[in-house]
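Student: Chain W is fixed; fit chain D onto it per the hints.
In order, the protein sequence lines correspond to chains W and D. FYI, the numbering for the first sequence is 1 to 114, going by this note's numbering. FYI, the numbering for the second sequence is 1 to 114, going by this note's numbering.
Accuracy of the hints is not assured; some may be wrong.
The list treats identical chains as one, so a pair stands whether inside a single copy or across any two.
[Unchecked claim] With a straight-line Cα cutoff of 20 Å, these simulated SDA-like cross-link-like pairs (lysine to any residue) come out:
| hint | residue 1 | residue 2 |
| --- | --- | --- |
| 1 | Lys56 | Phe84 |
| 2 | Lys56 | Gly81 |
| 3 | Lys56 | Asp99 |
| 4 | Lys56 | Ala80 |
| 5 | Lys92 | Glu11 |
| 6 | Lys56 | Ser82 |
| 7 | Lys56 | Leu85 |
| 8 | Lys92 | Val102 |
| 9 | Lys92 | Ala28 |
| 10 | Lys92 | Leu69 |
| 11 | Lys92 | Ser22 |
| 12 | Lys56 | Cys9 |
| 13 | Lys92 | Thr104 |
| 14 | Lys56 | Leu40 |
| 15 | Lys56 | Glu11 |
These are computed hints drawn from the structure, not numbers from a lab.
Read off the chains here:
2 protein chains.
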Amino acid sequence: MTAAIQGHCIEDLTIGQSASYSRTITEADIQQFGAVSGDLNPLHFDEEYARTTLFKGRIAHGMLSASFLSTVLGTQLPGAGSIFLSATIRFKAPVRIGDTVVATCAVREINLQR
Amino acid sequence: MTAAIQGHCIEDLTIGQSASYSRTITEADIQQFGAVSGDLNPLHFDEEYARTTLFKGRIAHGMLSASFLSTVLGTQLPGAGSIFLSATIRFKAPVRIGDTVVATCAVREINLQR
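Same shape as in the complex, but just chain W (with noise of 0.2 Å):
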């Protein structure tokens, strides 16, 4: 694979400037996820189970919508090579198969003496 996503430098980016990343999570995405992360939690993967919770029944992982966040940051804004130092991530609401999750990331401060 080649670097053909662009990276913003610095100078680029304006206050207020934003991207924003969509995905409307399959049940394909649910099982992947399950596998690479090893979260196998029956409240993603058991209907019946899922049921009996408070969510009503399964729920995607809340980490496959935060990795969207990931997603905006190192393909969009700033783009190529940029990456995430830390996150604070509040999970509002369930998101479930067929729910489009729309990550955002905007700029809200530029410092150019880091």
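Tutor: Relative to chain W, chain D alone:
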């Protein structure tokens, strides 16, 4: 899949109790995490490009390691049915293919009233 993963009731937990999930990162893990997250940042996939960066070579997705925390919570402690409500994550060092990541969760506080 059946709910073979057992969960602990809050009454069964004790302060200091802990559990871990350990995984050695492979090329396939990075490919699979890239596919499921859409994060195709060349820092994770293009060795030639990654060598030109601060990291001096390809690194795994940080959110892949972070997802192992969810794995411990959802499959071991407390186990089945448990779900992340929030997470604060600092990525302190790069993870490369062949590195073993150990995610450990410990009980710090028990709130029976919630």
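Student: Compare the structure with each hint and give your call.
Tutor: To see whether the hints hold, each was checked on the structure:
In this assembly of identical chains, Lys56 and Phe84 lie within 20 Å of each other by CA distance solely across copies; the values are 17 Å between and 33 Å within a copy. Only between protomers do Lys56 and Gly81 lie at most 20 Å apart by alpha-carbon distance; the minimum there is 11 Å, versus 40 Å within a single protomer. In this assembly of identical chains, Lys56 and Asp99 lie within 20 Å of each other by CA distance solely inside one copy; the values are 16 Å within and 38 Å between copies. With identical chains, the CA atoms of Lys56 and Ala80 are at most 20 Å apart between copies only, with a shortest distance of 15 Å across copies and 39 Å within one.
When the C-alpha separation of Lys92 and Glu11 is checked against a cutoff of 20 Å, the pair qualifies neither within a copy, at 34 Å, nor between copies, at 26 Å. When the C-alpha separation of Lys56 and Ser82 is checked against a cutoff of 20 Å, the pair qualifies only between copies, where the shortest distance is 14 Å, while the shortest distance within a copy is 38 Å. In this assembly of identical chains, Lys56 and Leu85 lie within 20 Å of each other by CA distance solely across copies; the values are 17 Å between and 35 Å within a copy. When the C-alpha separation of Lys92 and Val102 is checked against a cutoff of 20 Å, the pair qualifies only within one copy, where the shortest distance is 14 Å, while the shortest distance between copies is 27 Å.
In the homo-oligomer, the alpha carbons of Lys92 and Ala28 never lie at most 20 Å apart, since the shortest distance is 23 Å inside one protomer and 31 Å across protomers. Proximity of Lys92 and Leu69 under a CA criterion of 20 Å is satisfied in both settings, with 15 Å inside one chain copy and 18 Å between copies. For the homomeric pair Lys92 and Ser22, the shortest alpha-carbon distance inside one copy (18 Å) is at most 20 Å, but the shortest distance between copies (28 Å) is not. With identical chains, the CA atoms of Lys56 and Cys9 are at most 20 Å apart between copies only, with a shortest distance of 19 Å across copies and 46 Å within one.
Only within a single protomer do Lys92 and Thr104 lie at most 20 Å apart by alpha-carbon distance; the minimum there is 16 Å, versus 24 Å between protomers. For the homomeric pair Lys56 and Leu40, the shortest alpha-carbon distance inside one copy (18 Å) is at most 20 Å, but the shortest distance between copies (34 Å) is not. Taking the closest pair of Cα atoms, Lys56 and Glu11 never come within 20 Å of each other, the shortest separation being 48 Å inside a single copy and 23 Å across copies.
Of the numbered hints stated above, those contradicted by the structure are hints 5, 9, 15, listed in ascending order.
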